[in-house]
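Build the full structure now, drawing on both the sequences and the hints.
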Amino acid sequence: MAIIKMKRLTLLALNADRDNIYNAIVRSNCVQLKRSADIDSFVEKDESQAREKVLASVSRVEESIRYVEEVADKFNSAHKKREEKIAIQKNSFARPKTEIDFDYYLGFGKHSEAIEQSLSVLDGFRESIMRLETLKTQCEAELSKLELYRELPHPTDWYRDTETSLVRLSQLPSNEWDELCNMANEYETVAVENAGGDASTVLAVVVAHKSEAVFFEKAAALGLVKCNLSTDVLPRATIESLERRIGGINKEIDDTIRNVAEFAEHIPEWKVYVDYLLLCEKKLSADGDIQQTASTFVLEGYYPAEKETDVERAIKDVSENIVLSFDEIADDEFAPTLTRNNKFTQPFEFVTNSYSAPDYHEVDPNPVMSVFYFIIFGLMVADIGYGLVLVALGLFATYAIKQKTGMKIMLQMFGICGISAIAVGVLFGSVFGYTVWDKIFPDPSHPIHNGIIPNPAEYPMVMMIISLLFGVVHLAAGVGCNMAVKIKHKQTLSAWLTDFPWIVVFAAFVLAIFNSALDMAEYEPYEVLRLPPIVSRISLYVCLGALAVALVFAGLGTKGFLGKVIKSFGSAYGIINYLSDIMSYIRVFGLMLSSAIMATVVNQLGAMVGGSGGFGYVLAAFVLVFAHLFNLAMGVLSVYIHNGRLQYVEFFGKFYTGDGMLFVPFGSDTKYTLVS
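Residue numbers for the sequence shown follow this note's numbering, so the first one is -18 and each next one is one higher.
The hints are all genuine.
In silico DSS-like links for lysine-lysine, alpha-carbon gap of 25 Å or less:
#: 1; residue 1: Lys297; residue 2: Lys(-12)
#: 2; residue 1: Lys263; residue 2: Lys15
#: 3; residue 1: Lys232; residue 2: Lys61
#: 4; residue 1: Lys263; residue 2: Lys91
#: 5; residue 1: Lys383; residue 2: Lys652
#: 6; residue 1: Lys232; residue 2: Lys66
#: 7; residue 1: Lys263; residue 2: Lys26
#: 8; residue 1: Lys232; residue 2: Lys55
#: 9; residue 1: Lys324; residue 2: Lys383
#: 10; residue 1: Lys34; residue 2: Lys652
Distance ranges between label pairs, derived from CB positions:
#: 11; residue 1: Glu114; residue 2: Arg321; range: 53 to 59 Å
#: 12; residue 1: Glu505; residue 2: Arg321; range: 45 to 51 Å
#: 13; residue 1: Gln472; residue 2: Ala311; range: 15 to 21 Å
#: 14; residue 1: Met615; residue 2: Asp270; range: 44 to 50 Å
#: 15; residue 1: Leu512; residue 2: Asn558; range: 27 to 33 Å
#: 16; residue 1: Ala311; residue 2: Pro441; range: 50 to 56 Å
What the hints contain is simulated information worked out from the structure, not anything from laboratory work. By construction, the Cβ of each residue, glycine as well, lies at the ideal position given by its N, Cα and C atoms.
Next up, the structure:
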């Protein structure tokens, strides 16, 4: 359970073998490349333009994938019959990535020409759809203009002035039509006729003698305006022609959309192509990082020391014209971090890496952090029923999700933490918010009638004190980890004189205040834990003595007497920081209390709903299941955040540097495929 030892690889080979060497490194899956050190008479090659071209191809393919998936989904939504739908090949929840072998992956370049041709055909279809959509929009706009004239019995050009009369084909708001008719009745030689229109507009034909042209000026106040459409054919004929044309365009669009949707069968191959292009981009990036001459190149990388034989064999199988050098990592030299932990600890690496990966030269925090994360999670959830649900969820992820994904790791971590929730739930006697200890031991005088840990709503001080005392233990463990870091870096004296005294301070402090904590808790069953007064007094003296040692030697390694004094005063001020950190653990009590109260409220709600009997029982069961799952989901989200915060700030703040870079073998970080 530690950070794996890494070594540095230096390789000198012929340029002709470069691609084969890259492929061998990809196949070995245990070398991370780095920028080569400058070498006299060697140069670096600028591959930025070539990389940009490859990345542009990647963007084009991914955009095509998104477009085809979107079009295929819309096509299937519009075609309800199963036989008309297009099959869309999508990866399953269990296997989110397509599994392929190395030979197929590394040799995928032979398929690139065919894929590029299919993408060009797809681009042609897309352009056709855009052109047809534009044409359809134009026709619909023209149809919208003509719709008002659908019932007009003559072409618009038919309505023109005569020698004695003014003839106007006009538009008028529908609500002004009656007013226009009343106005026309006031004139002897004015006639109006409703020639059609729609709900908001009337198409009016107005005929007036030239001597009464003033009518049009007055009617303009009502909104009467002359139509500006000029046609020498019946508008209905033009409308019907446009409708037929739009129908033809729609059919052509539908046919083209079907052609696009049928490309869905190529999506799995295109996704492999994306990862192949990204590998090509990585090779070009590596080309820019290596030192080379006209015929040779020098490549450097990192690999796990235990894999040295595998790396050497994989590379030398490519060519005999290779010179290899394997070197140790210096104490001040960067190296990527690769951790190896047991099955319990591995999922918790997700928490640490979300904050910052460990530096290669420091101690792996995961073995210790995982234990405390596990316990704190249980204290915050503290329910047997919720714990069983989380364990079931973890088992489901383990056996249902076949590939290693972030979702699988997180669910496995929650499943492991569910065991802690069950254990703490047993101490409380809580099952989905229902208490069980008082049912098993109904006698109120029984020592555990209220639970080994009592209900926090009835005895809030008990759980609050437990949370704070656990915080002291957690902080002491952080200081202990800092001791381990110093010892690893050969700072043993500082570890024992500046860090170990603080661990003694924490331990003695807990013993010194233990009886006072029992007094504050006021929980009679805990009285059997009371320590003899002499233990409390001795612990207080030990605490003060260890604190004095910690303050005196705080300046160890600092130059000058004044510097040592300032360092000691700074360490004394650190007591306030420790107290502040300890108070942060009240959040453990707060989250556990809120979850327990919510569970109790849910149970009361279920009892109210089910009180009517009959169908009420069914409804109550639904309410209980849904509400408890909701409470669990919200609780786990809060626990994940606040538990992580206690690790990141209070625990890691005592020793952890972070800022490391995880070891990622060259070519292993694929996006859509899983290569094996």
